[in-house]
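Chains as they are written, first to last, in this note's numbering: chain A, 1 to 96; chain C, 1 to 96; chain W, 1 to 96; chain E, 1 to 96; chain S, 1 to 96; chain G, 1 to 96; chain P, 1 to 96.
These are computed hints drawn from the structure, not numbers from a lab.
Yeah, the Cβ is synthetic: ideal placement off N, Cα and C, and Gly gets one too.
You may find that some hints are simply not true.
[Said to hold, decoys possible] Listed next, with one range per pair, are the computed distances between beta-carbon atoms:
#1 C:86 x S:68: 34 to 40 Å
#2 C:86 x P:61: 37 to 43 Å
#3 W:78 x G:52: 16 to 22 Å
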Amino acid sequence: MAFTPLHDRVLVRRIESEEKTKGGLIIPDTAKEKPAEGEVIAVGAGARDEDGDRIPMDVKAGDRVLFGKWSGTEIVLNGEELLIMKESDILGILTD
Amino acid sequence: MAFTPLHDRVLVRRIESEEKTKGGLIIPDTAKEKPAEGEVIAVGAGARDEDGDRIPMDVKAGDRVLFGKWSGTEIVLNGEELLIMKESDILGILTD
Amino acid sequence: MAFTPLHDRVLVRRIESEEKTKGGLIIPDTAKEKPAEGEVIAVGAGARDEDGDRIPMDVKAGDRVLFGKWSGTEIVLNGEELLIMKESDILGILTD
Amino acid sequence: MAFTPLHDRVLVRRIESEEKTKGGLIIPDTAKEKPAEGEVIAVGAGARDEDGDRIPMDVKAGDRVLFGKWSGTEIVLNGEELLIMKESDILGILTD
Amino acid sequence: MAFTPLHDRVLVRRIESEEKTKGGLIIPDTAKEKPAEGEVIAVGAGARDEDGDRIPMDVKAGDRVLFGKWSGTEIVLNGEELLIMKESDILGILTD
Amino acid sequence: MAFTPLHDRVLVRRIESEEKTKGGLIIPDTAKEKPAEGEVIAVGAGARDEDGDRIPMDVKAGDRVLFGKWSGTEIVLNGEELLIMKESDILGILTD
Amino acid sequence: MAFTPLHDRVLVRRIESEEKTKGGLIIPDTAKEKPAEGEVIAVGAGARDEDGDRIPMDVKAGDRVLFGKWSGTEIVLNGEELLIMKESDILGILTD
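With the hints as extra help, turn the sequences into a complete structure.
Listed below in structure tokens is the structure:
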């Protein structure tokens with residue numbers, strides 16, 4: 001089963017912090033309010049500007065992103081726990 | 001009797017979580033704040049942008065959707081309990 | 001005496017729930033927050049968009065509508081109790 | 001002395017409810033939150049839309065109107081108590 | 001020393017209520033929340049609309065105006081106490 | 001070291017009230033909420049309107065201005081205490 | 001690993017106040033609410049105006065900036081603690 005987010009929403013798989021100690025972003029769970037990391041699975045078609053035209057999304061499937069720790073709503077798709085959030089919850093994109 | 005939602009509202013039939021265990025979206029009732037699932041029965045003509053022009057809807061009758069657990073207002077139409085909500089309450093569309 | 005609502009307001013006659021048991025919309029008073037039903041008596045000329053142009057109304061006199069239970073302001077016109085509400089309070093239109 | 005309201009404001013003379021029992025709008029004072037009735041004495045030139053252009057007013061001097069019971073600011077002009085309110089406080093126009 | 005208000009602000013000299021009993025606007029101090037009266041000394045160049053264009057002011061130096069009792073900020077210019085307020089605080093213009 | 005304010009911010013040097021008793025603006029410290037006076041040191045390039053175009057600033061370096069008593073954020077630049085505030089905090093411009 | 005902020009966000013390295021006593025901006029930690037100083041590491045592509053067009057950023061990598069003391073979200077990138085904030089949190093740019 002697939003899930004297509006609506007408007008400017010994004011489907012994200014959370015990347016747990018342990019994975020990241022191999023040299024890269026270290027976000028220890030204990031840290032206060034530190035952003036979380038994840039991978040974009042799917043994006044919506046985009047919100048609309050005031051003239052009703054689509055606003056292109058700035059993130060795409062496959063991007064590694066940082067987002068606010070409490071962002072998004074949890075769902076379980078095909079047995080896997082994922083997050084649905086707004087693009088505006090995403091702080092930025094990580095690249096090697 | 002038929003019901004046509006106004007502006008960017010959507011009429012939705014709730015799909016109870018048991019139905020979905022046949023492989024697909026599992027949203028156990030016990031889960032905190034997990035989104036609910038439903039089928040779109042009817043959609044409004046769309047809201048208007050700032051110039052008064054219609055903004056096309058992104059969901060249509062027949063779509064299977066996820067929406068916030070507390071979204072919408074309950075009505076009973078032809079003896080059946082349905083929900084009226086805004087399109088912005090819908091998180092996204094499920095497809096096989 | 002006639003009453004013409006201003007801007008995007010609507011004059012509505014409330015239809016009490018008993019009338020509707022003849023097969024159709026059942027909104028038992030006891031139900032929590034269930035929307036109320038009514039008939040549109042008169043509509044305003046419409047609100048204005050940001051350029052000052054009229055935005056056409058989506059409901060018209062004679063429409064049977066559902067609206068939020070606490071919407072509107074009560075007036076008595078020609079001895080009859082009616083409601084004045086904004087179009088945005090109306091959830092949708094009922095048709096046979 | 002004359003008073004010209006600014007922008008989208010309206011100068012209104014309140015019509016006390018007794019006058020209206022001669023067949024017409026009955027708004028008993030005791031009623032909770034029932035709107036009040038009045039006659040428009042003067043109107044402003046209108047607010048401006050986002051491009052700075054005037055938005056024409058929908059009420060004019062001489063109109064009999066209904067407005068929210070607590071709307072407006074009281075002034076005394078030439079010994080008479082009047083109300084200054086925004087056009088958006090006016091619910092609609094009464095005509096015979 | 002002169003003072004030019006910025007944007008859509010207005011410099012106003014308050015006219016005390018006694019002066020007005022010579023037939024005209026009577027705003028007894030005791031009255032609750034009654035608007036105050038004053039004379040416009042200077043006006044700003046106007047606010048800007050969403051395109052950054054100036055919005056002309058609706059009041060000018062010399063106008064006698066009514067404004068909300070608590071509007072504005074007090075300053076003393078050349079030994080005289082004056083008020084700086086936004087044009088939107090002004091209810092309207094008095095003319096003989 | 002120089003400091004260029006961003007967007008519609010302004011760098012202001014506060015002028016203490018004693019200096020002004022030589023005939024001009026008297027803002028005794030004791031006065032409640034009376035605006036403060038200062039000299040503009042530097043201005044930003046301006047905010048942007050909804051189309052992303054620059055909105056020209058209405059104050060410039062060298063202007064003597066009045067601003068809300070609690071406006072702005074204090075910094076120390078080259079050993080001198082200055083204030084950074086938004087242009088909208090400035091009430092108007094003083095000229096001899 | 002690199003981090004590209006999204007929309008109008010900025011990645012900033014905080015410059016501790018001691019470094020600045022060599023003649024320049026002195027922001028003693030003890031000072032109440034005094035802004036903090038930092039260096040811009042990376043900027044987003046910019047927010048969008050109401051027509052969906054990009055709004056160019058006013059700061060760029062390498063700029064020395066002042067920002068509100070509590071602005072931004074902390075992350076650790078390649079072992080270094082950095083801040084992600086909105087451009088609107090930045091008060092201005094320091095130049096020698």
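How does the Cβ-Cβ distance of residue 86 of chain C and residue 61 of chain P compare with 37 to 43 Å: does it lie in that range?
Holds - the Cβ-Cβ distance for residue 86 of chain C and residue 61 of chain P, about 41 Å, lies within 37 to 43 Å.
Status of the given 16 to 22 Å range, CB of residue 52 of chain G versus CB of residue 78 of chain W:
violated, 54 Å
CB of residue 86 of chain C to CB of residue 68 of chain S, is that within 34 to 40 Å?
Once the Cβ atoms are compared, 36 Å apart, the range 34 to 40 Å for residue 68 of chain S and residue 86 of chain C holds.
The structure fails to meet hint 3 from the earlier list, while all remaining hints are met.
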